[in-house]
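Engineer: The chain contents come next:
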Amino acid sequence: AQTVTQSQPEMSVQEAETVTLSCTYDTSESDYYLFWYKQPPSRQMILVIRQEAYKQQNATENRFSVNFQKAAKSFSLKISDSQLGDAAMYFCAYRSASAEYGNKLVFGAGTILRVKS
Amino acid sequence: ETGVTQSPTHLIKTRGQQVTLRCSSQSGHNTVSWYQQALGQGPQFIFQYYREEENGRGNFPPRFSGLQFPNYSSELNVNALELDDSALYLCASSLVSGGIRRETQYFGPGTRLLVL
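Chains as they are written, first to last, in the numbering used here: chain S, 1 to 117; chain C, 1001 to 1116.
One or more of the hints may lead you astray.
To be verified - Partial chain C-side listing against chain S, Cβ under 8 Å, derived:
hint: 1; residue: GLN1041
hint: 2; residue: PRO1043
hint: 3; residue: SER1065
hint: 4; residue: GLY1110
Source of the hints: derived by calculation from the structure; they are not laboratory data.
Even glycine gets a Cβ: it sits at the ideal position worked out from N, Cα and C.
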């Protein structure tokens, strides 16, 4: 079974600074997808960024980028120029590319990100 | 394009009762997944519906059941409610066409269920 671990229950960052959230996962598969979702107090789970395991290039979306280390099974999220609106719970998630598992997302426990002004 | 919507937003039930939660998928999406998120934890996969049939299930007992309708909307039914069923229930929709390689799930705002 696949597992996702987020070892940082809570992180703080100063506005305009950079912060990195950590995520490791365990799988025996070679083809899969990794995601970072953001969940603000409004509860709506918002997709931040996704990475296909077959792609060596790290995904980027504006101020958000990932460091995907497939051999180490590590998938960290870097947020540059942090803004107050970035404050939320961040979840790392794994999805198998195998049709056997359908759409099942396996989530980590989450990291609360606080942004200080 | 409309996003994923869920109803109701909040619900209070007592132990032993039954509850039905509803989800309307994003326009153009044909697959719905349901997740249970206990307070302070990550979401746990309950099951997925594709073409009106259950297509994948997590470690949840049979008293958790669902439906998907021809318009791709979905219901989650929970019978014989227990105190531990208190959680945020999230619905996510996606488009599955041919292979699943490129689809991404989009979540609704959730239904907060409290069982007393």
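Engineer: If a hint holds in the structure, say so; if it doesn't, say that too.
Structural biologist: Hints, one by one, checked against the model:
The restraint placing GLN1041 of chain C at the interface with chain S holds, with a minimum CB-CB distance near 6 Å, inside the 8 Å limit. Look at PRO1043 of chain C: its Cβ gets to within about 5 Å of chain S, closer than 8 Å, so that hint holds up. Checking SER1065 of chain C against chain S: minimum C-beta separation of about 17 Å lies over 8 Å; hint violated. Because the beta carbon of GLY1110 of chain C sits about 5 Å from the nearest beta carbon in chain S, less than 8 Å, this interface hint is met.
In summary, the structure is inconsistent with hint 3 from the numbered list given earlier, while agreeing with all the others.
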